[in-house]
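Enquirer: Chains as they are written, first to last, in this note's numbering: chain A, 3 to 257; chain B, 3 to 257; chain C, 122 to 420; chain D, 4 to 295; chain E, 15 to 323.
Calculated from the structure, these hints are not laboratory results. Heads up, some of the hints might be wrong.
As the list claims (entries may be wrong) - Just so you have them, the derived chain B footprint on chain A, three or more residues with Cβ under 8 Å:
#1 38-48
#2 95-109
#3 178-189
As the list claims (entries may be wrong) - With a Cα cut of at most 35 Å, we get these calculated DSBU-like pairs of lysine-lysine:
#4 Lys223/E with Lys144/A
#5 Lys83/B with Lys16/B
#6 Lys201/B with Lys14/D
#7 Lys223/E with Lys201/B
Stated by the list, open to error - Taking CB as the label site, the calculated pair distances span:
#8 Lys124/A with Val68/B: 29 to 39 Å
#9 Asn110/D with Val68/A: 11 to 21 Å
#10 Val68/A with Leu303/E: 39 to 49 Å
#11 Lys83/B with Pro90/D: 33 to 43 Å
#12 Val68/A with Leu35/D: 43 to 53 Å
#13 Lys420/C with Thr82/E: 51 to 61 Å
#14 Leu35/D with Trp265/C: 47 to 57 Å
#15 Glu373/C with Ala43/D: 44 to 54 Å
Beta carbons are placed, not taken as given, at the ideal position from N, Cα and C, and that holds for glycine.
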Amino acid sequence: MNNSENKSLVYSIKDLNLWYGDTKALKNISIDIPEKEVIAIIGPSGCGKSTFIKTLNRMVELVPSVKTEGSIHYKKLDIKKAKVESLRTEVGMVFQKPNPFPKSIYDNIAYGPRIHGIKDKKTLDEVVERSLRGAALWEEVKDRLDENAFGLSGGQQQRVCIARALAVEPDVILMDEPTSALDPLSTAKIEDLIHELRKNYSIIIVTHNMQQAARISDKTAFFLNGEVIEFDATERMYSNPKDKRTDDYISGKFG
Amino acid sequence: MNNSENKSLVYSIKDLNLWYGDTKALKNISIDIPEKEVIAIIGPSGCGKSTFIKTLNRMVELVPSVKTEGSIHYKKLDIKKAKVESLRTEVGMVFQKPNPFPKSIYDNIAYGPRIHGIKDKKTLDEVVERSLRGAALWEEVKDRLDENAFGLSGGQQQRVCIARALAVEPDVILMDEPTSALDPLSTAKIEDLIHELRKNYSIIIVTHNMQQAARISDKTAFFLNGEVIEFDATERMYSNPKDKRTDDYISGKFG
Amino acid sequence: GNKSEDKNSAGANEETSESITGSVQVDGSSTVFPIMEGIAEEFSIENPKARATIGVSGSGGGFEKFIAGETDISNASRPIKEEEIALLEEEGIDYTEFKIALDGLSVVVNSENDWVDYLTLDELYAIWAEEGDADTWADVRDGWPDEEIELFSPGIDSGTYDYFDEVILNGDQIEREASLSEDDNILVQGVKGSPNGLAYFGYAYYAENMDTVKIVPIENSEGDVIEPSSETVQNGNYEPLSRPLFIYVKHESIVENNAAYEFAKYSLKMAGEMAQEVGYVAMEEAIYEESLATLESLK
Amino acid sequence: MKNNSVTPDEKQIDRRIIKNKLAKGVFFLGTLFGIIVLAALLIRIFTQGIAYLDFGFLSNFASRRPEDAGIRAAILGTIWIMSITIPVSLILGVSTSIYLEEYAPRNKFTRFIELNLANLAGVPSVVFGLLGLTVFVRLLEMGRSILAGGFTMSLLILPVIVVASKEAIRAIPQEQYDAAYAMGATKWQIIRTVVLPAATPGILTGAILSLSRGVGETASLLMIGAMTFIAYTPASVLDGFTVLPIQIFSWASRPQAEFQAVAAAGSIVLLVILIVMNTLAIIIRNNYSKRY
Amino acid sequence: MKITIRERIKKNKAKQSYQNTIEKAMPLLFFLMASLSILVTLGIIYTLLRETIMFFTHISLFDFITGTEWYPFFENNPSYGIWPLLSGTFTIAIIAMLVAVPIGLASAIYLSEYASDRSRRILKPILEVLAGVPTVVYGLFALTFVTPLMQTFVTDLPIFNALSPGIVVGIMIIPQITSLSQEAMNAVPQSVRDGAYALGATRLEVALKIVIPGSFSGIVSSLVLGLSRAIGETMIVSTAAGSTPNLGFTPTESIQTMTSYIVQVSMGDATFGSTIYYSIYAVGMTLFLFTLIMNILANHISRKYREVY
Ligand SMILES: Nc1ncnc2c1ncn2[C@@H]1O[C@H](COP(=O)(O)OP(=O)(O)OP(=O)(O)O)[C@@H](O)[C@H]1O
Ligand SMILES: Nc1ncnc2c1ncn2[C@@H]1O[C@H](COP(=O)(O)OP(=O)(O)OP(=O)(O)O)[C@@H](O)[C@H]1O
Ligand SMILES: [Mg+2]
Ligand SMILES: [Mg+2]
């Protein structure tokens with residue numbers, strides 16, 4: 003939130019307000035998100051976390067009743083002026099509810115590269131394998147890449163969606179509770195992956211798991227009722243929250 | 003697993019095998035589930051947890067390619083011979099992916115009571131309120147009961163589904179990662195609820211959260227690749243697992 | 122089809138050598154269609170390079186296309202009407218009418234009906250007209266059963282009805298109780314199914330169902346009681362219920378379209394034979410010859 | 004806390020199960036009804052027509068003699084007409100429904116188009132025939148050709164394809180769109196890769212129904228001036244034509260009983276063509292049919 | 015290090031200007047195609063209106079919409095009151111819908127909710143063949159099979175009546191209702207069904223309370239299409255119902271519908287350019303307005319009850 007950091011900002015959000023019809027879901031959000039860091043977003047259910055990250059790649063616009071105010075700059079570019087497809091190509095997303103396509107596992111992963119013009123089988127094979135490995139799913143599905151992704155378990159579907167997002171190698175990855183459906187092992191693998199990706203990518207992750215946030219993120223934003231209560235380096239926030247409500251929430255005393 | 007406990011068994015499963023088409027998803031499962039306890043099911047993603055609990059209320063039969071072998075007795079009654087509707091009325095279920103009906107929140111909760119012949123507004127109002135309170139959602143939605151449940155956040159949808167299952171007051175509740183989409187607060191509330199319900203209900207819960215399993219369950223079953231590796235009192239299993247693989251999984255060394 | 126032995130008849134052996142090319146468009150009445158189909162069939166066999174197509178748009182629809190200049194020959198089961206003549210004039214289309222065959226409207230009853238021996242024109246009027254006073258057989262003649270007559274008539278938009286209306290009903294309204302249908306086969310079904318049924322329709326439909334329905338002889342203007350048959354229709358004794366069928370030929374086509382001319386010529390040569398073959402009645406040979414001469418004069 | 008007012012009794016469940024069983028029986032009977040009627044129809048047609056169904060019947064042109072009568076011109080005409088109607092109506096219909104469901108702003112004009120299409124579905128085929136005659140045959144000077152017939156038929160069946168496709172597109176869950184949008188897919192890419200595959204079964208159902216109708220359609224083609232007798236093989240889309248139902252209709256109204264049987268033989272041919280056409284569509288549909 | 019996907023995508027992006035063109039062109043193209051339907055309607059209105067106006071120079075509009083007798087062919091005293099044709103059309107449409115709606119929806123529910131995958135794949139195409147049986151065949155079926163059959167139940171049912179063609183028209187539109195409704199039902203996500211099954215719902219309850227509300231707009235569309243076709247059907251009616259314009263709803267009487275009148279005249283021998291000839295356009299126009307009103311209503315209904323996922 004320091005303007006001198008401007009140079010390496012990936013997102014700069016000013017006075018963002020958002021309504022679903024008449025209900026206000028985001029209130030006056032102003033935060034700056036630095037590049038190549040992992041940002042965790044925490045907060046109680048319904049506080050606007052998903053809504054917030056969906057504003058970052060303009061997915062929220064697909065809800066007909068949505069109205070937004072304020073500005074979001076992605077790498078100095080006002081996202082309202084950006085070409086939405088380019089924005090979304092550079093900003094990948096994993097949804098809260100796994101939503102694979104009703105296609106084969108292979109086609110799910112190859113979807114992104116294909117629509118971006120990569121057609122040759124060899125490259126695609128490579129991308130599919132690499133992405134599935136990244137999402138800790140390769141070993142489980144390598145023999146059934148042709149099967150429909152709908153026939154996978156919940157956690158497997160979630161990992162397919164992660165792999166799908168990785169396949170196009172975006173600059174920023176938005177993850178909405180990517181590990182909530184996963185067992186500790188897969189979770190650990192995804193967390194490793196995030197660690198790995200952190201070198202080249204900026205990652206914004208919604209999580210309900212405080213420990214996870216602590217483990218993987220550089221900064222954490224605490225949302226409550228559509229407001230950002232606190233946004234700070236994760237360590238500082240966990241050890242020494244500025245706001246009483248943050249403290250309460252982190253220590254579980256809230257409510 | 004002791005036959006002398008037979009009297010208070012809610013489920014007794016013998017040599018259960020299950021195939022999706024040609025792939026075997028459950029292998030030789032034989033466990034007995036005592037009444038009025040909380041049973042946690044843990045295991046890596048894709049190991050068959052969801053499949054297993056879906057066999058308990060025969061939901062798995064709705065997948066066209068499924069074949070099963072072996073026997074499941076629910077309160078001494080072979081579930082193959084039971085009326086599937088009665089079975090499912092007595093055995094409630096919360097799914098891994100929230101699946102509310104595309105109806106108002108109120109109608110979602112009232113659906114079960116209504117199909118079971120409860121029509122009068124007053125009772126329904128009561129049931130809806132009680133169930134929503136039970137699912138820790140009442141305060142958030144009490145003013146918008148008429149809104150479509152599809153417009154809720156992920157966690158809210160999950161709680162609608164929990165409330166929906168509670169509304170018919172089943173004897174057994176099967177929960178497939180009911181808190182995975184929830185923040186710690188709502189999770190704590192659901193856990194409290196489970197504690198409460200435990201007095202009258204039998205609960206089988208799939209979870210990826212080892213701590214949660216430890217906190218709430220009396221017994222834990224550890225699944226791996228469609229097999230039950232270990233099934234024991236939770237405390238004993240956590241402190242002193244019999245099988246190396248259980249130990250590895252619990253301590254996170256696995257894989 | 123009972124008279125189809127002599128396949129290689131009349132025009133067949135002549136002018137096959139000269140191959141006629143081009144196409145001729147014929148459209149109009151569905152009543153005339155079977156005759157023209159037969160002609161076109163033979164014409165196409167003899168002149169494989171020529172294209173003769175026959176459409177069925179009804180007499181009125183046929184004239185519409187004729188007026189629009191889309192057809193060379195228009196078939197009609199009734200004479201052309203004033204409105205149509207006017208429109209043709211407006212478009213500057215000259216044409217000639219040719220009679221190509223006769224149809225005897227046959228009045229039939231159920232085969233179980235053993236009381237009707239013949240009917241007079243007045244009786245027919247009494248039965249069929251809305252104003253007529255016969256509702257039961259007994260109303261027609263004393264001694265006949267006191268049963269209500271069930272009437273079956275071709276649809277009021279058909280040339281058959283038009284003709285019947287003109288000669289029997291004198292333009293008066295038909296009995297409202299009458300069952301109407303566009304398809305004469307269905308009328309046959311109707312009479313077959315009702316013991317008190319009475320119907321009229323084209324001769325061919327009677328000829329095909331002789332053993333299941335009973336024909337009613339009609340008293341003609343001479344006072345003779347006549348049954349329809351090839352002879353009585355052709356020689357004019359079966360009247361007034363014999364009606365002519367027409368084709369209208371466009372002069373311009375005769376002059377400019379060789380295929381049309383040849384087809385028209387062929388039609389007039391073959392019409393009698395074909396009419397007999399598909400269930401109508403040929404006219405006397407002299408009439409066809411006269412027509413052919415007229416046609417030649419147009420060329 | 005356990006409240007017996009909610010927990011149902013077995014009797015109530017039994018009643019519901021019985022209701023369900025009864026309903027299942029009723030629903031099954033409903034399905035069976037259609038199949039029995041079809042069987043009855045087929046048996047009638049086959050017993051009547053099979054005697055006339057031989058190679059000659061397929062290769063001859065129409066004739067005044069039942070034993071010589073063949074259906075060649077009509078088969079070829081139907082195939083020609085269909086080969087115009089199928090692509091034209093599918094392209095028009097699917098494009099229209101994509102526009103309406105995916106691109107159109109929710110404004111009055113869109114509502115007007117939608118209403119208008121639904122309304123076209125109710126316009127009887129004779130009126131389409133009148134339209135075809137006025138516009139294609141006369142205004143655009145196509146004459147009484149295969150082209151004019153094919154276009155008229157395309158317009159006639161267009162509404163059914165549009166309605167079916169629209170419903171199919173509308174039923175695709177939003178999360179499928181979300182997934183694709185989030186990958187940076189453009190609208191057109193989403194239509195190609197998500198919408199069309201998911202809507203294919205519905206589109207094909209519409210196609211099957213409407214083309215079935217088209218194959219059996221008589222009135223509109225008669226109106227535009229389709230021939231009834233034709234003794235040559237159409238060689239281009241500008242030639243005249245006749246189609247199976249017109250030929251069947253013409254035979255069925257003949258006085259001779261033999262022609263009734265010839266008409267039945269024609270119906271058999273029509274049904275066979277229809278079944279071949281539908282089978283293709285059904286195979287594709289089955290490959291795409293899946294539940295979310 | 016080899017080129018990353020990210021870079022390749024960026025490179026492709028730079029190259030793919032044609033994609034921009036497609037993106038812009040497609041909606042325009044689709045819009046044009048969609049607008050075509052308006053042209054068609056305009057064409058129809060133009061075609062109909064031109065001659066309808068001619069008709070009303072002969073016959074007063076008032077007589078047309080208030081008259082209760084339709085006897086255009088009586089040269090001495092023709093009457094052009096549209097009501098008998100309207101009531102004939104209604105009679106056929108009502109009987110057809112009484113047959114087709116319950117049976118069509120029953121089979122749709124059966125196929126979608128009860129039948130196994132395999133039997134669905136066999137039964138549905140079989141039913142769809144019903145949609146393609148030529149109407150000529152249906153007409154004869156009505157006349158020579160259904161009517162005699164009905165005569166055993168309804169004594170002194172005349173050979174021409176509205177009942178049996180109504181039933182047969184109903185049979186003809188069953189597949190339309192079944193197939194399209196089943197397709198709509200099939201689109202309800204399985205997970206939503208699962209939610210209800212898990213509460214102990216029977217298949218019937220899932221069908222009635224989850225699937226039907228969830229696919230309501232598709233079902234309504236299929237019904238409207240069915241109704242449209244029932245109203246527009248010609249051959250069956252003119253074969254088996256006779257062609258007597260009778261006012262009133264009496265299924266046991268011979269009737270005439272608007273479309274069968276149009277066909278009767280346009281295939282018949284009526285004089286081109288006469289009042290009768292123009293009357294078919296007036297009848298066509300009436301039919302057009304009539305279906306328009308019906309569609310506005312249906313549109314309203316399905317808009318009101320639609321459920322969105
Ligand atoms: N409908 C289906 N068709 C085919 N295979 C299936 C289907 N559902 C599940 N499977 C397979 O069966 C195995 C067990 O799946 P299940 O859903 O029971 O896993 P799970 O333990 O619940 O995993 P998770 O924690 O990821 O939800 C997996 O390998 C999965 O791919
Ligand atoms: N499509 C929608 N229409 C209307 N209201 C919505 C919609 N989506 C979300 N909301 C409302 O906006 C608020 C924020 O929702 P959001 O999905 O952002 O919550 P969240 O923080 O992601 O919660 P969770 O942890 O449960 O997923 C909630 O009150 C929710 O009910
Ligand atoms: Mg969320
Ligand atoms: Mg699972």
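Enquirer: What are the numbers of the hints that this structure violates, sorted from low to high?
Expert: 4, 11
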